[in-house]
Amino acid sequence: MVDTTPRGLAAAAATMNRAPTRRSGGASLRVLARRRSTTAFLFALPLLAVVGGLIVYPGFYAIYLSMLNKAQTKFIWFGNYTFLFTRDSFWMVVQQSVLFAVTAVFFKALIGVITAHLVNNLPAKGQRKWRGMLLVPWVIPLSLSTLGWWWMFDPTYSAFNWAFAQIGGPHIHWLSEPAWARFCTILVNVWYGSPFFLIMYLAALKSVPGELYEAASIDGASAWQKLIHVTLPMMRNIISITVLFSLIVTFANYDVVRVLTAGGPRDTTHVFATWAFLLGIQSGDIPLGASVSLFMLPILAISAVFILRGVRRRGREI
Amino acid sequence: MANVALRKVVKKYDRTEAVRGIDLDIADKEFIVLVGPSGCGKSTTLRMIAGLEEVTDGEILIGGDLVNDVPPKDRDIAMVFQNYALYPHMTVYENMSFGLRLKKFPKAEIKSRVDHAAGILGITELLERRPRQLSGGQRQRVAMGRAIVRNPRVFLFDEPLSNLDAKLRVQMRTEIKKVHQTVKTTTVYVTHDQIEAMTLADRVVVMNAGTIEQLGTPHDLYHTPRTKFVAGFIGSPAMNFVNCKLVEAAGGGLSTRLGNGLTFKVPPDRTQRYKSHVGRELLFGLRPEHITEPRGDLRPDCQEFDVTLDVVEPMGMETMVYFMVEDTEVCGRVNPASAGAPGQPMRLVAELGNMHLIDPQTEAVI
Chain A
0 MVDTTPRGLA AAAATMNRAP TRRSGGASLR VLARRRSTTA FLFALPLLAV VGGLIVYPGF
60 YAIYLSMLNK AQTKFIWFGN YTFLFTRDSF WMVVQQSVLF AVTAVFFKAL IGVITAHLVN
120 NLPAKGQRKW RGMLLVPWVI PLSLSTLGWW WMFDPTYSAF NWAFAQIGGP HIHWLSEPAW
180 ARFCTILVNV WYGSPFFLIM YLAALKSVPG ELYEAASIDG ASAWQKLIHV TLPMMRNIIS
240 ITVLFSLIVT FANYDVVRVL TAGGPRDTTH VFATWAFLLG IQSGDIPLGA SVSLFMLPIL
300 AISAVFILRG VRRRGREI
Chain B
0 MANVALRKVV KKYDRTEAVR GIDLDIADKE FIVLVGPSGC GKSTTLRMIA GLEEVTDGEI
60 LIGGDLVNDV PPKDRDIAMV FQNYALYPHM TVYENMSFGL RLKKFPKAEI KSRVDHAAGI
120 LGITELLERR PRQLSGGQRQ RVAMGRAIVR NPRVFLFDEP LSNLDAKLRV QMRTEIKKVH
180 QTVKTTTVYV THDQIEAMTL ADRVVVMNAG TIEQLGTPHD LYHTPRTKFV AGFIGSPAMN
240 FVNCKLVEAA GGGLSTRLGN GLTFKVPPDR TQRYKSHVGR ELLFGLRPEH ITEPRGDLRP
300 DCQEFDVTLD VVEPMGMETM VYFMVEDTEV CGRVNPASAG APGQPMRLVA ELGNMHLIDP
360 QTEAVI
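Same order as they appear, the protein sequences are chains A and B. Numbering that gives the first Met the number 0 numbers the first residue of the first sequence as 0 and each following residue consecutively. Numbering that gives the first Met the number 0 numbers the first residue of the second sequence as 0 and each following residue consecutively.
Keep in mind that the hints were calculated from the coordinates and are not lab data. Worth double-checking, as some hints may not be accurate.
Stated by the list, open to error - If you only want the chain A side, here are some residues facing chain B, beta carbon under 7 Å, derived: (1) 213; (2) 214; (3) 220; (4) 222.
No experiment lies behind these values; they were computed from the predicted model shown. The C-beta atom is built at its ideal place from N, Cα and C for all residues, glycine as well.
Based on the provided sequences and hints, a complete structural model is requested.
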C-alpha cells in the first residue's frame, strides 16, 4: 500500500533525496551514461578530436617551439621574439606583409564589388558564362598560375615588356626592382583573389530585395545613391566577413611571393610566411621561424574582434 | 494633386501581352482600385504608372503631362509596396525622410513633415526604431508614412495589405481610407481582394486577362455587372450561375426554366429587355444574399421555392445553405434561426428583382 498521508509523502521524498548519496560507483556511472549531456558530448567527440588534433595541438606546439633555442634544447621564453624585434629585416617583413595584405585586400574588394555589379546587371542568359569565366583565376592552382605570371614578367622575353616595346614604353625590370617586385606580388594576389570577392558579393547582391531599389527609384535616388544608400549598407556584413577572411588568407599567403620573387630582391618582398619558411626550414632555425609565423596571430586576432563586433551589431539592427 | 490618364496602354513581355490596350481616366483626388485575379495585369498597370515598367505602347499622362519616358523619381508619385520595401538598415525616421533628404530639403522641413505624417498614422513613438523591431501593421504604417511625407501628386498602392493577417487587414483598410480622407491625394490601389476594392474605392476597375472588364462605382459593379466575370468576381460568396431556358410564361410574361422543375418568373419590368432572347439557353445568375428564407409578406418580385438542403454552413450572424439544381450547387444566405439541417427540405425565396441573365456565348449580361 502507498502511504499518501502528508507525513508519509514527506518521508518518501526524504528517502528519494538521500538515495543518490547511497548509490555505488557503478550506479552513478550508469546515471552519467544515461544523461542527455553525456550523449551529446559523445556525439561531439569526433569533432572535438579533429579540432584538438588539427588546431589546438599544432597551435600550442608552435607556441612551444617559438620559445626554444635554435637547437631546440633550451626553453628561452620570449628570447626569439625579443631577438626579432632588434632586427631591421624583421620590421621590413612586417611592413611588407601589412602593405601586401592591406593593398591586395583593398583592391580585391574593390574589383570584386565592381565586377559583381557588372555581372549582376548582365542578362540572366549570359551571366552564368561570365561568372564561370571570371572564377577561373581562383580555380587554377595558385603556384601554377603564378608561374605563368612569372613568365609574363620576365624582363627579356616577357609579354609585358614586348607589349610596352610595341608602343614605345619603358623596359621594366618587373621582378628585380623592389617597388615593381612588390607591385607584381600584389597584382598577382589581387588577380587570384578577386573572384572570391566577386562570387561573395554577387550572392549578396542577389539577396538584396529588388523592391528596395524600386522604392529608392521612387524616392528619387540616382544609381550612385542607390549604391551608397541601399546596396552597400545591405552588403556591409558580407563585405566585412569577406575582408576579414581574405585578410587572414592574404597575410598567410606563401605561394605568390615564393614562386614569383622568393622574397627578393634583397628580401624586399618577403611576407611572414615566406620569411618564416626561409628562417625555419631553409636556415634550420625552426623556433625562430615559428615565432615569425606566430607574429601574425595578434594582428589578425585584433582585426577579427573589431570586424566581428561590427557584424554582430549590424546583424542585430537589420 | 493630379489626374492620371491611360491611353491605349499596352505592355508586352517577349510574346506575352500582359496589358492589352487599356484606357482609363482617373480624376484628381479620386481613389481608384484595380482589382482582378492573379496575372490579370493590374500590378503591371500600376508599375507602368509608377515608371517601374516601360510602356510598350500607348500613353500615360499624370497631371496632363506625358510621362512615358519620365523616370519614377521625376513623376512625383509615391508607392507603397506589398512587402513594404522599408530600408532595413535605417530607422523609421530615416526611412520616412529618405526621399526628402535626397532632394536636399531643409532639416526643419523634413522634421515637420515626418512628424506630421507620423502623427496622422500614430507612429510617433516608433520613429527611432528599425523595421525589424516593428510588427507587420506598424511596418505598413511606416511605408504609408514614407509615401505621405513626399506629398506626391499620386499615391500608388500595390497589394499593401496582402501580408497582414485578416484582423489587421480590416483595421488597416480603415486606416487607408482615413488617410485618404485626410490627405486627399489621387490614389491608385491594386488588390486581388474584391472586398478591399468595394470598401475603399470611389470607382473600381475590374481587370481580366490584360483588359478592363468593367469600370464603375462599387454599387454599379455589384448591382449591374456587365459580364459574367464581373458578376462572379464581385460579391462573396460568388454569384450562383445556373443553366436555364427563357420561355414565354403561361399567363403572359416570361419565365426561366432551371431544371429540377424549378421555374422562376421574370419580373414584368424585365420582359421588354429579355424578349428577343425567348427560347434560348442562357445562364441564370442570382447572388446568395438574394436567396433567403421567407420573411413575412411576399414582395411581387420574389418567388418561393422548395429545395432539399445539401450542405449547411453556419457563419454566426447568417447561415449559408447549399442545394443542387440539376448538377449545379447553389448557395443561399438565410437567418440561422430558420436554416434547416442537411438532407431536409426547406422553403426559400428568390428575390428575382436582382436576377441576371447571361449570354453563355459572349458571357455578357443581357
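Is the shortest C-beta separation between residue 220 of chain A and chain B less than 7 Å? It holds, given that the least Cβ distance between residue 220 of chain A and chain B is near 6 Å, below 7 Å.
Does the interface hint hold: is residue 222 of chain A within less than 7 Å of chain B, judged Cβ to Cβ? 11 Å, violated
Closest C-beta approach of residue 213 of chain A to chain B relative to 7 Å, hint status: Check passed: Cβ of residue 213 of chain A comes within 5 Å of chain B, closer than 7 Å.
Holds or violated: the hint that residue 214 of chain A contacts chain B, with Cβ atoms closer than 7 Å. 4 Å, holds
Hint compliance for this structure: hint 4 alone is broken.
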